[in-house]
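Per this note's numbering, residue 1 is the first one in the sequence shown, and the count goes up by one each step.
Since the hints were made in silico from the structure, they are not lab data. Mixed in with the good hints, there may be bad ones.
[Stated by the list, open to error] Derived Cβ-Cβ restraints for the label pairs, each shown as a range:
hint	residue 1	residue 2	range
1	19	175	28 to 38 Å
2	45	68	29 to 39 Å
3	153	1	26 to 36 Å
4	68	176	24 to 34 Å
5	115	1	40 to 50 Å
6	33	115	20 to 30 Å
7	84	7	19 to 29 Å
8	31	3	12 to 22 Å
9	158	1	20 to 30 Å
10	33	176	32 to 42 Å
11	165	94	21 to 31 Å
[Claimed, not checked] In the DMTMM-like style, the derived pairs of lysine to aspartate or glutamate whose C-alpha atoms are separated by at most 25 Å in a straight line are:
hint	residue 1	residue 2
12	153	67
13	52	126
14	129	13
15	153	172
16	109	18
17	158	177
18	153	117
19	10	172
20	16	150
21	10	126
22	153	86
23	153	177
24	23	84
25	158	68
Just so it is clear, the structure is predicted and the values come from calculations on it, not from any experiment. The beta-carbon is built from N, C-alpha and C at its ideal position, and this holds for glycine as well.
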Amino acid sequence: IAPSVIVTAKRLDLAKGEAMAAKGAAGVTQPDIRWGRCDIKTVGLLPNVLAKQAARERGAYECLMYDEMGLITEGASTNAWIVDDDGRLRTRDTQANILRGVTREAILKLVEAEGIELDERPFSVEEAKRAREVFVTAASSFVMPLVSLDGVKIGDGKPGPIATRLREVYLEQARREAI
């Protein structure tokens, strides 16, 4: 079958996104019910849509999904990150059938440039709730801090310095490189 490409575009309300990032957003969790090849970008995203809807119904911005071992896989439409108890940035490696997000890849380069220590390894729902910071990345929201997860306050309940810095340098780079 010959590959095909479908491109969509929508206007982003950048001011709304900046306001949300400044105060942080809420997240919720639920089991990941997707099929085993989540690394393949496909239009068959019903479980993701249902997870996003569940988040909205619970008053949250994003739903972080977890596997049968209680490890966060990714968000309904984002990649998930934490700054753990030791101050190390963590995100799940892409060998675990998560989508290799374009924003995730850009953030990985910025993490290296900023000299931030990174571990690409899984983390549990409980580790996320105990983390200093939790944030998600996506093409439409860039870097979005989560200040609560399932109603549990993350860190001091405010966007943390690493998420804030990564959002800042990501947007600076995007503006420099925009056509």
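Hints and how they fare:
1. 19 - 175: 28 to 38 Å: Taking Cβ atoms as reference, residue 19 and residue 175 lie about 18 Å apart, which means the hint is violated.
2. 45 - 68: 29 to 39 Å: Distance hint for residue 45, residue 68 is violated at roughly 21 Å.
3. 153 - 1: 26 to 36 Å: Violated, at about 48 Å.
4. 68 - 176: 24 to 34 Å: 43 Å, violated
5. 115 - 1: 40 to 50 Å: 44 Å, holds
6. 33 - 115: 20 to 30 Å: 38 Å, violated
7. 84 - 7: 19 to 29 Å: With a Cβ separation near 37 Å, residue 84 and residue 7 fall outside 19 to 29 Å, so the hint is violated.
8. 31 - 3: 12 to 22 Å: 32 Å, violated
9. 158 - 1: 20 to 30 Å: 49 Å, violated
10. 33 - 176: 32 to 42 Å: 40 Å, holds
11. 165 - 94: 21 to 31 Å: 23 Å, holds
12. 153 - 67: 22 Å, holds
13. 52 - 126: 21 Å, holds
14. 129 - 13: 29 Å, violated
15. 153 - 172: 29 Å, violated
16. 109 - 18: With Cα atoms ~22 Å apart, residue 109 and residue 18 stay inside 25 Å; holds.
17. 158 - 177: The given pair, whose Cα atoms are some 30 Å apart, is violated under the 25 Å limit.
18. 153 - 117: 24 Å, holds
19. 10 - 172: With Cα atoms ~21 Å apart, residue 10 and residue 172 stay inside 25 Å; holds.
20. 16 - 150: Cα-Cα ~23 Å, so holds.
21. 10 - 126: 35 Å, violated
22. 153 - 86: 18 Å, holds
23. 153 - 177: Outside the cut-off at roughly 36 Å; violated.
24. 23 - 84: 20 Å, holds
25. 158 - 68: 30 Å, violated
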